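If you read the protein sequences in the order shown, they are chains A and C.
According to the numbering used here, the residues represented by the first sequence are 1 to 210, in order.
According to the numbering used here, the residues represented by the second sequence are 211 to 316, in order.
Source of the hints: derived by calculation from the structure; they are not laboratory data.
Here the structure is a predicted model, which means the values were calculated and not measured.
Possibly wrong hints are sitting among the right ones.
Claimed, not checked - Derived, one-sided and incomplete: chain A residues facing chain C with beta-carbon distance under 8 Å:
| no. | residue |
| --- | --- |
| 1 | I24 |
| 2 | E27 |
| 3 | A35 |
| 4 | F67 |
| 5 | D137 |
What the hints assert, rightly or not - What follows is a set of in silico ranges between Cβ atoms, one per label pair, in the way DEER data are often shown:
| no. | chain 1 | residue 1 | chain 2 | residue 2 | range |
| --- | --- | --- | --- | --- | --- |
| 6 | C | W302 | A | P126 | 24 to 32 Å |
| 7 | A | S8 | C | Q314 | 50 to 58 Å |
| 8 | A | E156 | C | E277 | 25 to 33 Å |
| 9 | C | S276 | A | R61 | 26 to 34 Å |
| 10 | C | V313 | A | I158 | 21 to 29 Å |
To be verified - Simulated coverage check for chain C against chain A, where a stretch passes if three residues somewhere in it have a Cβ under 8 Å from a Cβ of chain A:
| no. | region |
| --- | --- |
| 11 | 226-239 |
| 12 | 242-250 |
| 13 | 281-294 |
Ideal Cβ placement from N, Cα and C applies to all residues, glycine included.
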Amino acid sequence: MTIEEYLSELRAKLRVGPFRKRRILREIEGHLLDAVHEARIAGIGRQEAERLAIERFGSPRQLADRFDHGRNRFSRFRVAAVALAAIAVGAAAALGIVLGRNDSAPGAPVASKAVRAACGGEQADPECIKLVTAKLDRMRSSFVRATCGSSNAKAECIRRATDVARAREDFVPCSALPGMVYVGDNTWRAPRSRGTNGTVTLFDECSMSG
Amino acid sequence: MKREELKGHLDLLLLASLASQRLHGYALIEELRRQSGGTFELPEGTVYPALHRLERAGLLSSRWSSESGRRRRVYKLTRNGEEALSERRQAWREFSRGVDLVVQEA
């Protein structure tokens, strides 16, 4: 397998957003090329140098699984975090219904394109928008706290971390992964089912109500 | 050291290697190998997921850097990373001291 073939296979197996995928592939390519360069200096032929570099690195599937595992742990945290938000939002929505308010009333969250896409696009479900927006806000707050500390946080750190959190494409709830479709009842499902023994991974179905 | 044993300490090793310098992934692996006298031969594919995870946790920051005509992602500790390293070093000292006490031959 050549480095080009390795990266192509890795690209196909990585289950992360496009921005993060590009970064991972560039880093891995740089690493493999450095390894090949060292081997060539040692007198090893190009083909053998590439083979050795790839062998020491691990298979594309193993690498994709390692990135996936790290993301899954974070995704479970996200789902748990939004369960609380969903309860609060659901209660507020119920109160809004009782009081006769609708979702287009002033104060309703302005949904970003990504949020709308996660909630049905043109026919975006208002309840879904509220849940996903609340989840994103909590995730961003957690990131800022983790970066700047929960106390003695300097204003500049908070400002920068907030900017980073807003720009990071991987701050996307499991509901907004490519292919996820909101099927109502606080549930998203991928068109293609994955999992064994009847279990469904977080990439396939996320119940915002936990 | 077996790979499974090494995995449990990978975060500490990565943070410690970045304590006083900025490094990209390839250089980081080489540095670990050098500092450990060849003891730690990390499976190279394990490093990048760990670096990304530590960055997401706010312990590392990174940026692209061009050197020798190639762009590489260079990592460094954040302030939170320095604190985390200090805590984990202390935890390691206590752990290893305890292990030494238990396994030492009479």
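Hints and how they fare:
no.	hint	in the structure
1	I24	holds (7 Å)
2	E27	holds (5 Å)
3	A35	holds (7 Å)
4	F67	holds (5 Å)
5	D137	violated (18 Å)
6	W302(C) - P126(A): 24 to 32 Å	violated (51 Å)
7	S8(A) - Q314(C): 50 to 58 Å	holds (53 Å)
8	E156(A) - E277(C): 25 to 33 Å	holds (29 Å)
9	S276(C) - R61(A): 26 to 34 Å	holds (31 Å)
10	V313(C) - I158(A): 21 to 29 Å	violated (47 Å)
11	226-239	holds (count 3)
12	242-250	violated (count 0)
13	281-294	holds (count 5)
Violation of the numbered hints given earlier is confined to hints 5, 6, 10, 12; the remaining hints are satisfied by the structure.
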